[in-house]
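Trainee: Residue numbers (this note's numbering), protein chains in the order written: chain A, 616 to 893; chain B, 16 to 185.
Calculated from the structure, these hints are not laboratory results.
Beta carbons are placed, not taken as given, at the ideal position from N, Cα and C, and that holds for glycine.
Some hints could be false.
[To be verified] With beta-carbon atoms standing in for the labels, derived distance ranges:
#, chain 1, residue 1, chain 2, residue 2, range
1, B, 139, A, 697, 27 to 35 Å
2, B, 60, A, 681, 27 to 35 Å
3, A, 682, B, 27, 24 to 32 Å
4, A, 635, B, 141, 21 to 29 Å
[Stated by the list, open to error] Simulated pairs of lysine-lysine, DSS-like, Cα-Cα distance not exceeding 30 Å:
#, chain 1, residue 1, chain 2, residue 2
5, A, 646, B, 130
6, A, 625, B, 164
7, A, 762, A, 859
8, A, 821, A, 859
9, B, 100, B, 164
10, A, 846, A, 727
11, A, 623, B, 165
12, B, 100, A, 622
13, A, 877, A, 786
14, A, 697, A, 727
15, A, 646, A, 762
16, A, 622, A, 646
17, A, 846, A, 870
18, A, 877, A, 825
19, B, 100, A, 625
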Amino acid sequence: MLFRFAKKNKVSVTFMSLLIVSILLMSVDIKKRGKLSVFDELLLDASSVVQNGITSSYHTGRNLWFGYVYLIGLKEENERLKNEASELRERINALRETVHENQRLKSLLSFKESSGYNTETARVIGISPLTSFKTIMIGKGSVDGIKRGMAVVTNDGVVGRVFSASPNTSKVLLISDRNSDVDAVIQRSRDRGIAEGGDSEFIQLKYLPKNADAAVGDLVVTSGIGGVFKKGIILGTIERLDKKTGGIFQYAEIKPAVNFSKLEEVLIITDSPEENGR
Amino acid sequence: MLHFSLLTLAALALILGQSSLYALPLSPNPAIIIVTYIGQFYSPIPGLAISFILGYFLDISTGTLMGSNSFSMVSLCYLSYMISKRVVMQNLFAQAVLTFFFFMIHSGIVYLLFKFFNLNVFGYEFLVTSLQNAGATALISPVLISGIKKMERLLRFENARGAGSKDIQV
Numbered sequence: 616m617l618f619r620f621a622k623k624n625k626v627s628v629t630f631m632s633l634l635i636v637s638i639l640l641m642s643v644d645i646k647k648r649g650k651l652s653v654f655d656e657l658l659l660d661a662s663s664v665v666q667n668g669i670t671s672s673y674h675t676g677r678n679l680w681f682g683y684v685y686l687i688g689l690k691e692e693n694e695r696l697k698n699e700a701s702e703l704r705e706r707i708n709a710l711r712e713t714v715h716e717n718q719r720l721k722s723l724l725s726f727k728e729s730s731g732y733n734t735e736t737a738r739v740i741g742i743s744p745l746t747s748f749k750t751i752m753i754g755k756g757s758v759d760g761i762k763r764g765m766a767v768v769t770n771d772g773v774v775g776r777v778f779s780a781s782p783n784t785s786k787v788l789l790i791s792d793r794n795s796d797v798d799a800v801i802q803r804s805r806d807r808g809i810a811e812g813g814d815s816e817f818i819q820l821k822y823l824p825k826n827a828d829a830a831v832g833d834l835v836v837t838s839g840i841g842g843v844f845k846k847g848i849i850l851g852t853i854e855r856l857d858k859k860t861g862g863i864f865q866y867a868e869i870k871p872a873v874n875f876s877k878l879e880e881v882l883i884i885t886d887s888p889e890e891n892g893r
Numbered sequence: 016m017l018h019f020s021l022l023t024l025a026a027l028a029l030i031l032g033q034s035s036l037y038a039l040p041l042s043p044n045p046a047i048i049i050v051t052y053i054g055q056f057y058s059p060i061p062g063l064a065i066s067f068i069l070g071y072f073l074d075i076s077t078g079t080l081m082g083s084n085s086f087s088m089v090s091l092c093y094l095s096y097m098i099s100k101r102v103v104m105q106n107l108f109a110q111a112v113l114t115f116f117f118f119m120i121h122s123g124i125v126y127l128l129f130k131f132f133n134l135n136v137f138g139y140e141f142l143v144t145s146l147q148n149a150g151a152t153a154l155i156s157p158v159l160i161s162g163i164k165k166m167e168r169l170l171r172f173e174n175a176r177g178a179g180s181k182d183i184q185v
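Next comes chain B alone, as it looks inside the complex (with noise of 0.2 Å):
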């Protein structure tokens, strides 16, 4: 239930990123900060398959390169769980720079996966533009992510990695 309660308000926050944000200067990327969160506290094979899903939906409604953002998703939400025991997202500072960061690793995945398969990208403004957006998806991580907790408290959850459960360390 969770995990179909997660799948909907990543795909509603992707909807209404594209449907709304693109008025604002910048393109915050909601996907990034909702498997960066599913990484670090959720299981990590529901997790992997949800931000396939993302990365999937995210190929089909940009027109990009289908797979790239599959791909991209899923090596961050990997990346999310396995750096889970040594950093996590416990603060609002936390969350905003490993936000950050993640936005660059996925930009970075995205250019190389265009430049293996010889579609045009220019480096420079490649760059520039992931640093705004990676910038600005930061800034909104917090209020997500905090969106995120409450939807979980809503569904009375209780965070379950592997067999067991644990307190959300969020």
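Extracted from the complex, chain A is given alone in its bound form (with noise of 0.2 Å):
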């Protein structure tokens, strides 16, 4: 009778013994709660390889993918760090330049300060390319008050004098140039010579008597006669000296104090020559 109604009712007995065993699974799993059995294990075991491989998959693709775009980000964020990057360089450098800028400044306010000169201060806009004409530019004229033959210096020496001055620059000679000589004076003999330019990067210094007392690295400084540098300015420094040339002279090459390949700002003196030769 029993056989017969369950084949009859084969859904609902096969329903009612499946959840059957269900409780009956649920009962054993709560007295020995996380222990499973051999088959279970098995079973787990063998879903894990499965689970393993799909899992490994799917990182290395989200690996990949995120790999992918994060390259992207990062290639902008590198643009981005590379331009921000540049414009800090600048900014430093523009700083930097200042700080240089303000410490020739200081300088020059401390030579023009402790001098007593009356004296203005001006850029140096242009150098003159020909080796033949050692010229410099500066950004200050006529309408400045410069005039020509005004003599103009650095808070380390002599740089030549105002050759011509236009309302807004002036030119410059150096006192490196062939066409200048100043009367000049050894600071520790007070031996007198004259400074002339030549075509190297030394002042020669000329006129020198045979007995003067002249030695290598001797400080050579303005005597102030002439009318156009005060006296004592610095020229130099002697580095050669040659005292067998024939004559009554003996003749010394002096190093320029003031390197006119740097020039940046200079002073140029602006009392007029009449009253020179303090």
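With the hints in hand, could you dock these two chains into one complex?
Mentor: In structure tokens, the structure reads:
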């Protein structure tokens, strides 16, 4: 009878049987919670093989995808950071320039104050490319009171003299030019000579008596005679000395105190040449 | 052959779901879709057996109360079989809605079983999570059902319920 009922209601009986099995499973599981049977472990192991494969594929794909997307972002970020770094470098450079300029101007100001001269500060705006005619162009001219013949110096020493002045710019003939000459004196021995420019970077000290006490390394300054350069402004140091020349003079070469190739700001002594000679 | 293929597909869907879908904010349960589909279109006894195996596999792999998913899946399959004469997964909307409700019934059964066996489960959180996951499962149901149908076509399957065979009404 039971068999006949089961045969007639196969679906319901199967359903109920499976529910009962499930309930039994739950009852057993509640008693030994967390412990898997050998069959369960085998089933779990088998599934874990597939699961590991899928998981690793998923992670590989995910890493590739995010790696690619990340790299695109990285490229853009890299470009942005490069631009930012470039801008910052420019700003740092500008700040460094300002610091250097500040230092130079401070030195010039210090020289101006200590010398007691009336001076005008000017920026060097050009250097003559000709080696035969050594001049620089400065950014101040007759409008600023600059006149031909005025002495141009820096805190390091003599630069030259104003050769021509237009309203806003002036041309300065460097002391190292062959057309320049300044009455000079050796600071230590007070022996006099004439400092003249030449073709080289050195200034020649001419008409120095043979018995003059001169030595390599001696500082040569302006004597104040001649009315252009005031007394005591540094010309340079004796670099080479030749006492064996014929005649009554010895010959010396002076290394200019001013590095003409690195000139950026200069002072023009605006006291009239008539007032010079202090 | 078909039952075995369906079981394999279901197992793969479950493994895939557990392996990869955890990365998503929602966790759809492909087993619900398969069980509902089996209840609707397959012979009930093999269908119930497949549902039980799927539930059992789900129990083992999720580490939940052993038998709870088996119980729930068998119940769902039977329910799906019982309503198949009135409600059929004919279109995408019906597939999604039916899946959603079956997911919620599954959650209800599991919740009651947990309560019955004095296991900790928080009603509100369980409900919210169930609703979210039911939505996610409903969304993927048309895709999975379409996959099953393709597999059936590949196997040149003609749906058979009981002794005879009839066309699939999906």
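Trainee: How does the Cβ-Cβ distance of residue 682 of chain A and residue 27 of chain B compare with 24 to 32 Å: does it lie in that range?
Mentor: Check passed, 27 Å falls within 24 to 32 Å.
Trainee: Taking only the CA atoms, is the gap from residue 646 of chain A to residue 130 of chain B under or equal to 30 Å?
Mentor: Holds. Residue 646 of chain A to residue 130 of chain B sits at ~16 Å (cutoff 30 Å).
Trainee: Would the hint linking residue 623 of chain A and residue 165 of chain B be met if the CA-CA limit is 30 Å?
Mentor: violated, 34 Å
Trainee: Between the alpha carbons of residue 697 of chain A and residue 727 of chain A, is the straight-line distance 30 Å or under?
Mentor: violated, 44 Å
Trainee: Given the hinted pair residue 646 of chain A and residue 762 of chain A, is their alpha-carbon gap at most 30 Å?
Mentor: violated, 113 Å
Trainee: CB of residue 60 of chain B to CB of residue 681 of chain A, is that within 27 to 35 Å?
Mentor: violated, 47 Å
Trainee: Would the pair residue 622 of chain A and residue 646 of chain A pass a check requiring their Cα atoms to be no farther apart than 30 Å?
Mentor: violated, 34 Å
Trainee: If you draw a straight line from the CA of residue 100 of chain B to the CA of residue 625 of chain A, is it 30 Å or shorter?
Mentor: holds, 18 Å
Trainee: When you check the alpha-carbon spacing of residue 877 of chain A and residue 786 of chain A, does it fall within 30 Å?
Mentor: holds, 17 Å
Trainee: Holds or violated: are the alpha carbons of residue 846 of chain A and residue 870 of chain A at most 30 Å from each other?
Mentor: holds, 19 Å
Trainee: Quick one, are residue 821 of chain A and residue 859 of chain A close enough, alpha carbons at most 30 Å?
Mentor: Given that 30 Å is the threshold and the Cα spacing comes to 14 Å, the pair holds.
Trainee: Within 30 Å, alpha carbon to alpha carbon, are residue 877 of chain A and residue 825 of chain A?
Mentor: violated, 35 Å
Of the hints listed earlier, those the structure fails to meet are numbers 1, 2, 7, 11, 14, 15, 16 and 18, in rising order.
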